[in-house]
Amino acid sequence: MSEVAAKELRIVGFLCNWCSYGGADTAGVGRFKQPTDLRIIRVPCSGRVDPMFVVRALITGADGVLVSGCHPRDCHYSDGNFYARRRLEMLKRLLPFLGIDDRRFHYTWVSASEGARWQQVVTDFTTRLHTLGPLHKK
Amino acid sequence: MSTQKLKEIINKVLPDVEAVIAWQEGFDKLNVTPIFITSPEQVDKVVWNAACAQNLASYLPSQKKKVAVVVKGCDSRTIVQYMQEGLIDRNNVIIIGMPCKGIISKKKVQKAINNEPVEEITFTDDSIKVKTPSGEKTLAIKDVCPSKCATCQYPTPIISDQLAADAIQSDKPAGAVYADVAELEGKTLEERWAYFAKEFDKCIRCYACRNACPMCVCQDSCIAETRDPHWITQRLTFDEKLMFHMIHSLHLAGRCVECGECERVCPMEIPVAKLKKKINKEMKELFDYTPGVNPEDKPPMFVFNVDEAKIKEHKL
Chain A
370 MSEVAAKELR
380 IVGFLCNWCS
390 YGGADTAGVG
400 RFKQPTDLRI
410 IRVPCSGRVD
420 PMFVVRALIT
430 GADGVLVSGC
440 HPRDCHYSDG
450 NFYARRRLEM
460 LKRLLPFLGI
470 DDRRFHYTWV
480 SASEGARWQQ
490 VVTDFTTRLH
500 TLGPLHKK
Chain B
178 MSTQKLKEII
188 NKVLPDVEAV
198 IAWQEGFDKL
208 NVTPIFITSP
218 EQVDKVVWNA
228 ACAQNLASYL
238 PSQKKKVAVV
248 VKGCDSRTIV
258 QYMQEGLIDR
268 NNVIIIGMPC
278 KGIISKKKVQ
288 KAINNEPVEE
298 ITFTDDSIKV
308 KTPSGEKTLA
318 IKDVCPSKCA
328 TCQYPTPIIS
338 DQLAADAIQS
348 DKPAGAVYAD
358 VAELEGKTLE
368 ERWAYFAKEF
378 DKCIRCYACR
388 NACPMCVCQD
398 SCIAETRDPH
408 WITQRLTFDE
418 KLMFHMIHSL
428 HLAGRCVECG
438 ECERVCPMEI
448 PVAKLKKKIN
458 KEMKELFDYT
468 PGVNPEDKPP
478 MFVFNVDEAK
488 IKEHKL
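So the protein sequences, as listed, match chains A and B. Mapping of the first sequence onto the numbering used here: residues 370 to 507, in sequence order. Mapping of the second sequence onto the numbering used here: residues 178 to 493, in sequence order.
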């Protein structure tokens, strides 16, 4: 059941295995209440996230995309998230030029211990998307 | 005459290389095609005029042996970018530079002469005289040049072993290069979406832009056509067209040398390079990087800084 009282949206989350997926798990173990619009896809590292994943998700039906990895300097593979940061920032700046609201795409860093922060990120991002509404008009 | 000088240089370097890549006349004066010169008697076929639009540097990554190539200023950026990415061995290429004052766009000329057959073209320094069955027409090159020439910053090749004419300096303001991108940025989100939706919907997915692109070096492994991974389907829907253009743009992030080949070959006249120019503009701002200018640089997506000066964390 979604925390936000409206028709559920389709939000895709790409989470790195080592930090953010663990963070989401911590939030779950701590029984923190979260909106259920987010569908999580676990990836080995935020550096695995090709900007094309985000574009493909948005084109084929997602209303928003969230990418989350380890904090810079904390990457399990030491430099994956540094590459991710450059790529995702490039995409973040390209999307509004194409005419897609860049608020529909967010990238952030959440560590495995930050269950409360994860709850905050999911809630805020979901709320933001609910104010924007669905991307694809049926 | 620089054509004469060009032929002399080609004759001089020909014994040292497997082939010299240059331009020759096509089926009429408006059409110029590439030629691979392997023997001295072919040298006479070489032409140099404002119709020499093809970026011949595109052939370099697939060459196994030592070759020489004739490049314009804009094409030379392709070679610099290849060097940055380690796609060519500089010792295996002889670069013959051709300072250029602007080329003509075939499509614009054809429009100006109502698509009549071309009988003869006389090229002068800044104009062309086209003879058609219904008479003669003089066109200024600046009126029929592709948009890249109107803001050209590098009329003289950045890198070359031999120059076939005197070097020229750009007289175009550097700030105008991204004026078209800035104009679009000034519009609203909805207007931009409407613009790109209209343009990309024209796409027939012939992939000519990809095939002509010098930086699309994946060749037969391009993910636009592989079944594994299956990024896009064969369906002719707008979503798939948009997806293809996003593949092309994102794979060129921080690599596009703005040679304009994609827009030149597009049969539907889609402004294919717009998204790439936007990324380049952002790369300049974020990393102070311009593709294809300095062989010592590294493309921004190939490297990182632990502390990025210009990338701020986004708040929700």
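Note that these hints are calculated values from the structure, not bench results. Among the hints, a few may not be true.
What the hints assert, rightly or not - Pair by pair, the computed Cβ-Cβ distance ranges are:
hint : chain 1 : residue 1 : chain 2 : residue 2 : range
1    : A       : Arg417    : B       : Arg404    : 17 to 25 Å
2    : A       : Val398    : B       : Pro406    : 44 to 52 Å
3    : B       : Pro350    : A       : Gly399    : 16 to 24 Å
4    : B       : Glu446    : A       : Gly397    : 46 to 54 Å
5    : A       : Asp394    : B       : Pro406    : 53 to 61 Å
6    : A       : Asp448    : B       : Arg404    : 29 to 37 Å
7    : A       : Val398    : B       : Asp266    : 52 to 60 Å
8    : A       : Thr500    : B       : Pro472    : 29 to 37 Å
What the hints assert, rightly or not - Subject to a maximum C-alpha distance of 20 Å in a straight line, what follows is the list of computed PhoX-like cross-link-like pairs (lysine-lysine):
hint : chain 1 : residue 1 : chain 2 : residue 2
9    : B       : Lys308    : A       : Lys461
10   : B       : Lys308    : B       : Lys319
11   : B       : Lys278    : A       : Lys461
12   : B       : Lys284    : A       : Lys461
13   : B       : Lys206    : B       : Lys306
14   : B       : Lys308    : B       : Lys206
15   : B       : Lys461    : B       : Lys451
16   : B       : Lys206    : A       : Lys461
17   : B       : Lys206    : B       : Lys284
18   : A       : Lys461    : B       : Lys319
No residue lacks a Cβ here, since even glycine has one placed at the ideal position from N, Cα and C.
Against the structure, the hints:
Taken as a hint, the range 17 to 25 Å holds for the pair Arg417 (chain A) and Arg404 (chain B), whose Cβ atoms sit roughly 21 Å apart. The hint said 44 to 52 Å for the Cβ distance between Val398 (chain A) and Pro406 (chain B), and at roughly 34 Å that hint is violated. Range check, Pro350 (chain B) to Gly399 (chain A): about 58 Å between beta-carbon atoms, so the 16 to 24 Å window is missed. For the hinted restraint 46 to 54 Å between Glu446 (chain B) and Gly397 (chain A), the CB-CB distance of approximately 53 Å keeps it satisfied.
About 28 Å separates the C-beta atoms of Asp394 (chain A) and Pro406 (chain B), a value inconsistent with the hinted range of 53 to 61 Å. In this structure the supplied range 29 to 37 Å holds for Asp448 (chain A) paired with Arg404 (chain B), their Cβ-Cβ distance being about 32 Å. A hinted range of 52 to 60 Å holds for the C-beta pair Val398 (chain A) and Asp266 (chain B), which are about 56 Å apart. For Thr500 (chain A) and Pro472 (chain B), the hinted distance range of 29 to 37 Å is not satisfied, since their beta carbons lie about 48 Å from each other.
A distance of roughly 50 Å separates the Cα atoms of Lys308 (chain B) and Lys461 (chain A); the hinted pair therefore is violated under the 20 Å criterion. Restraint check for Lys308 (chain B) and Lys319 (chain B): the C-alpha separation of about 19 Å stays at or below 20 Å, so the hint holds. For the given pair, Lys278 (chain B) sits about 37 Å from Lys461 (chain A) by alpha-carbon distance, which is inconsistent with the 20 Å threshold. Taking the CA atoms of Lys284 (chain B) and Lys461 (chain A), the gap is near 35 Å; set against the 20 Å cutoff, the hint is violated.
The straight-line distance between the Cα atoms of Lys206 (chain B) and Lys306 (chain B) is roughly 11 Å, inside the 20 Å bound, and the hint therefore holds. Restraint check: the Cα-Cα separation between Lys308 (chain B) and Lys206 (chain B) comes to about 10 Å, which is no more than 20 Å; the hinted pair holds. Note on Lys461 (chain B) and Lys451 (chain B): the hinted pairing holds, with a Cα-Cα distance of about 15 Å set against a maximum of 20 Å. A distance of roughly 46 Å separates the Cα atoms of Lys206 (chain B) and Lys461 (chain A); the hinted pair therefore is violated under the 20 Å criterion.
Proximity of Lys206 (chain B) to Lys284 (chain B) is assessed by CA-CA distance (about 14 Å); at most 20 Å being required, the pair is judged to hold. Straight-line distance between C-alpha atoms of Lys461 (chain A) and Lys319 (chain B) comes to about 36 Å, which puts the hinted pair past the 20 Å bound.
The structure shown violates the earlier hints numbered 2, 3, 5, 8, 9, 11, 12, 16, 18.
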